[in-house]
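Single-letter residue listing:
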Amino acid sequence: MSAPVLAVEHVYKYFGDYPALRDVSFSLRGGECLALLGRNGAGKTTLLKILAGLSGAAQGHVKLFGDSPRHAAARRRIGLLGHGIGVYDELTAIENLTIFAQLYGVSKAVAREWLERTQLAHVADSPVREFSRGMRQRLAVARAFLHDPSLLILDEPFTALDDRAIALLQTLLAEAKAAGRTIIMSTHQLREAMELASHVALIERGKLVHFGPRTPEMLMDPGYVYRTFGAV
Amino acid sequence: MIFLQVALKDLRSELRTKESLNASLSFAVVILLLFSFAFDPSGEAVAEFSGGLLWLVFAFAGALILNRSFARELPNDCLEVLLASPVSGAQLFLGKSIASFVLLLGIELLCLPIFGIFYNLTWTPRFLPLLGIFVLGTWGLTILGTLFSALTVNLSLRELMLPMLLYPMLIPALMAAMRLTTILLSGNDIGGDDLVWLRLLVGFDVVFTTLALALVETILVR
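Residue numbers (the working numbering), protein chains in the order written: chain A, 3 to 234; chain B, 1128 to 1349.
Keep in mind that the hints were calculated from the coordinates and are not lab data.
Remember, it's a predicted structure, so these values are computed and weren't measured experimentally.
A hint or two may mislead.
Claimed, not checked - Over the 12 Å line for every Cβ pair with chain A, so calculated as not near, a few chain B residues:
# : residue
1 : Val1133
2 : Ala1174
3 : Ala1211
4 : Val1214
5 : Gly1216
6 : Cys1238
7 : Leu1239
8 : Ile1244
9 : Trp1250
What the hints assert, rightly or not - Quick list of the computed label-pair ranges, beta carbon to beta carbon:
#  : chain 1 : residue 1 : chain 2 : residue 2 : range
10 : B       : Thr1337   : A       : Asp127    : 24 to 32 Å
11 : A       : Glu132    : B       : Leu1201   : 48 to 56 Å
12 : A       : Gly58     : B       : Leu1201   : 19 to 27 Å
13 : A       : Gly62     : B       : Val1333   : 14 to 22 Å
14 : B       : Ile1244   : A       : Gly86     : 42 to 50 Å
15 : A       : Arg114    : B       : Pro1202   : 44 to 52 Å
16 : A       : His85     : B       : Pro1252   : 31 to 39 Å
17 : A       : Arg207    : B       : Phe1154   : 26 to 34 Å
18 : A       : Gln172    : B       : Leu1287   : 39 to 47 Å
19 : B       : Leu1201   : A       : Asp25     : 28 to 36 Å
No residue lacks a Cβ here, since even glycine has one placed at the ideal position from N, Cα and C.
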């Protein structure tokens, strides 16, 4: 069996005295896709920030590809799509993608390819502030996938996306999973998540109350996870 | 050289929006103009306070640029994306410091002839040593200011907090830069006992650059 891409061991996180995460442990291997479920304020975003190296755990360990998430080699292999689109409004689409291409050591030609793929090539030289919401979201998707990441960390990726962006993201995620990439996404869109997920986790008040493979019941009835494993 | 890409990105963003550039330059020019009314610009005492006046203006104008340094990354959560990329905190910090340094030095060099006209001071004969002091003083200001910009970026009162933290820490560098600038604008050369101010300025830059590069990762990832 291959080594885990992502290993979380007994992670705790506190905001003041409030325990945002309590003894969270799980691991994922290449090609696995985890749907991280939980109500607002359960600790999903806090956990994803720790996995992306944006925040430190108070206790416990996180390993990405055997390294700390703050190790440059680990971060080079992460694709992050968070709540914000992570692009600069005052720069053009191609300038935005070129900057991130340079940061990840990817050629400018790849940035142009992603503009084609996200159907933004015709506005490559327009500032992002002139883009519609859907165009901005597609640019954010291009930015996250630009460097062919081995681990995709997605925080509510389908929220506020238009139909075109949802279709694009679903296609890209299915391709990434088929190519052996690991995906972890927090979401409230249960149906989309269950179709893609190989594993499901439920987090409540900072505690991981369920982690396991996605079962046929979960696919047929997305509310099953909350009813079966969650507190009433 | 990832830090240079970060610096170029910041410079491109600022030159396109001119948010802090316009505010900083107009503030500096207005203060220089107002002080020229408060003092007699023809008096010989002008040279005596020239260094102090110039560096106070640079320090206040610099805060407007430094406040934007990390705050520029807040819209659309760009800071998170940068921190999740392979760029280390030190590279990100160095790139942002270089961008702020270039912007502030540009403003200082625009202010110098304006200062010369308003206060009847000849600065051209000692321009090169003056430029050297500007470079050293501005680097000290930007390195410490960028560090505090990173520290205060998520605070709602960051525009207030940055100067409150920055100016007391900056006193040694400001004193040295003020003294050395006054010497040069008075028509003298730096030498003898005055070299201690130059050593202080260089030492300040070296110590705080090293400290900032070592601490910034801890400040950014909490």
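Hints, one by one, checked against the model:
1. Here valine 1133 (chain B) does not stay apart from chain A, with its beta-carbon only about 8 Å from theirs, under the 12 Å limit.
2. Chain A leaves alanine 1174 (chain B) outside its interface by the beta-carbon criterion, the shortest separation being 42 Å against a cut-off of 12 Å.
3. Listed as outside the interface, alanine 1211 (chain B) is inconsistent with that label: its C-beta sits roughly 4 Å from the nearest C-beta of chain A, within the 12 Å cut-off.
4. The Cβ of valine 1214 (chain B) does not lie farther than 12 Å from every Cβ of chain A; its closest approach is about 6 Å, which violates its non-interface assignment.
5. The claim that glycine 1216 (chain B) is not at the interface with chain A is violated, since a C-beta of that chain comes within 12 Å of its own (minimum 9 Å).
6. Remark: the non-interface label on cysteine 1238 (chain B) is consistent with the geometry, its nearest Cβ contact in chain A lying 26 Å away (cut-off 12 Å).
7. Separation of leucine 1239 (chain B) from chain A is adequate, the least Cβ-Cβ distance of about 29 Å exceeding the 12 Å criterion.
8. Every C-beta of chain A lies more than 12 Å from that of isoleucine 1244 (chain B), the closest at about 34 Å, which supports listing it as non-interface.
9. Tryptophan 1250 (chain B), annotated as away from the interface, keeps every beta carbon of chain A farther than 12 Å; the closest lies near 35 Å.
10. Between threonine 1337 (chain B) and aspartate 127 (chain A) the beta carbons are some 41 Å apart, a value that contradicts the proposed interval 24 to 32 Å.
11. In this structure the supplied range 48 to 56 Å is violated for glutamate 132 (chain A) paired with leucine 1201 (chain B), their Cβ-Cβ distance being about 21 Å.
12. For glycine 58 (chain A) and leucine 1201 (chain B), the hinted distance range of 19 to 27 Å is satisfied, since their beta carbons lie about 21 Å from each other.
13. Separated by about 38 Å at the C-beta atoms, glycine 62 (chain A) and valine 1333 (chain B) break the suggested range of 14 to 22 Å.
14. In this structure the hint that isoleucine 1244 (chain B) and glycine 86 (chain A) lie 42 to 50 Å apart at CB holds, the actual value being about 46 Å.
15. In this structure, arginine 114 (chain A) and proline 1202 (chain B) break the distance hint of 44 to 52 Å, their C-beta atoms being roughly 25 Å apart.
16. Separated by about 57 Å at the C-beta atoms, histidine 85 (chain A) and proline 1252 (chain B) break the suggested range of 31 to 39 Å.
17. Here the CB-CB span from arginine 207 (chain A) to phenylalanine 1154 (chain B) is close to 49 Å, at odds with the stated 26 to 34 Å.
18. Evaluation of the 39 to 47 Å hint for glutamine 172 (chain A) and leucine 1287 (chain B) yields a pass: the beta carbon distance comes to about 46 Å.
19. Taking 28 to 36 Å as the suggested C-beta distance range, the pair leucine 1201 (chain B) and aspartate 25 (chain A) conforms, at roughly 32 Å.
When each numbered hint is compared with the structure, violations occur for hints 1, 3, 4, 5, 10, 11, 13, 15, 16 and 17.
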